[in-house]
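**Q** Next come the chains, spelled out residue by residue.
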Amino acid sequence: MNLYQRLATLIPFLLLACANLAQATEDLEIHDAWAREAPPGAAVMAGYLTLHNHSSETYTLTNLQSPQFEKVEIHRTEERDGMTQMIKVSQVILGPKDSVRFQPGGMHLMLMKPKKPLKAGAKISLTLSFSGETSMQVTLPVKKAEASIHHDMQTHMH
Amino acid sequence: MSKPIKLFLGSLSVLLLLGAALYLGEPEADAQASDNNPAKLATPKPLSEFQLMASDGRPLNRDRLKGKWTLLFFGYTHCPDVCPTTLSELATMAGQLTPEIHKDTQFIFVSVDPRRDTPQSLAEYVQYFDPRFIGATGSIEELAVLVRQLDSKFSLGTSPLGEAIVNHSSAVMVIDPQVRYYARLSAPHYAEDLLQQYLALRQHTPGTPIP
Ligand SMILES: [Cu+2]
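Protein chains in written order, with our numbering: chain A, 1 to 158; chain B, 1 to 211.
Check before you lean on any hint, since a few could be wrong.
[Stated by the list, open to error] Output of the computed footprint for chain B on chain A, the stretches with three or more beta carbons under 8 Å from beta carbons of chain B:
hint, stretch
1, 40-47
2, 79-87
3, 105-115
Think of the hints as simulated: they come from the structure by calculation, not from any bench. A quick note: this is a predicted structure, and the numbers were derived from the prediction, not measured. For glycine and all other residues, C-beta sits at the position ideal for the given N, C-alpha and C.
The whole structure should be built from the sequences, with the hints applied where relevant.
**A** As structure tokens, then:
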């Protein structure tokens, strides 16, 4: 096989990948993405965002990756047995017209072992992979804190 | 052998409760209804001695709680979600206190993760949120002495992948200047609510006239 033939065999895959990416960007929307600056000594950060599915398809978030972290997981903070604990979530299913909110004290992106310390003002690039080879890129600005988001949100809704 | 003793203690505590209710009488009921504060304990619980090491190198014990209102939160520094969220809300709240109230209020973060946290590492951690915050920790046994008295819990474990697991109570505990466990503010914590709840608790302290 010469180079052109090789490239030719790749075309359908490339087209497919592009189609998936285009579809995902239309169907899915991310906003309010941010990550909390890690206090001194902490080797984990939490990231938050809201994910909307505008389509009539179901999307399943299965994997998260960032070149700036060794590992990214989805966790849910839960009150169990009188204690707060973090439960690892293996996938998030986003039904038609559904939305999921990752927020302090709830579901969050667990950004583990940063390769370099990330201070407020830095940006984290994150790839969200869904089943069916759909993926999405998002940038999370690092912020010191977002106090009382709960109350801000209520005012917005009025 | 132990049964009669238990029964005796049971009736004794009933008597004590009755005594307290009679002593407090009507005004207490009114205060409870008007401030409608479910966070407050019906009867404040005096704390017995405990001993931890604080981030400023001094011990943290009963003595250090005397004469000040204390807001105490259990957690650990490797906690990325609940702990920094709560500490930044507490810092926002602290910033809204009048200087007089701030002077007799102390904020203490007790790490229940002695495997990784030390009084030294806690110093930098708590001061990141507010330079006046105090961190403290101790051995599991030392921690348990305080945790138990505050009707709180913590558990330490290791995941199959070797990652440390730390679970802990998420309430902010309020200890009064007489070193009594006074109230429990439940999560989720928001600065405005913490402030209002705390000010309401101070106002309705027995002996303080209600304006
Ligand atoms: Cu987590």
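**Q** Next step is simple, just say for each hint if it's right about the structure.
**A** Here is how each hint holds up against the structure:
no. : hint    : result
1   : 40-47   : holds (count 7)
2   : 79-87   : holds (count 8)
3   : 105-115 : holds (count 4)
Of the hints listed earlier, there is not a single one the structure fails to meet.
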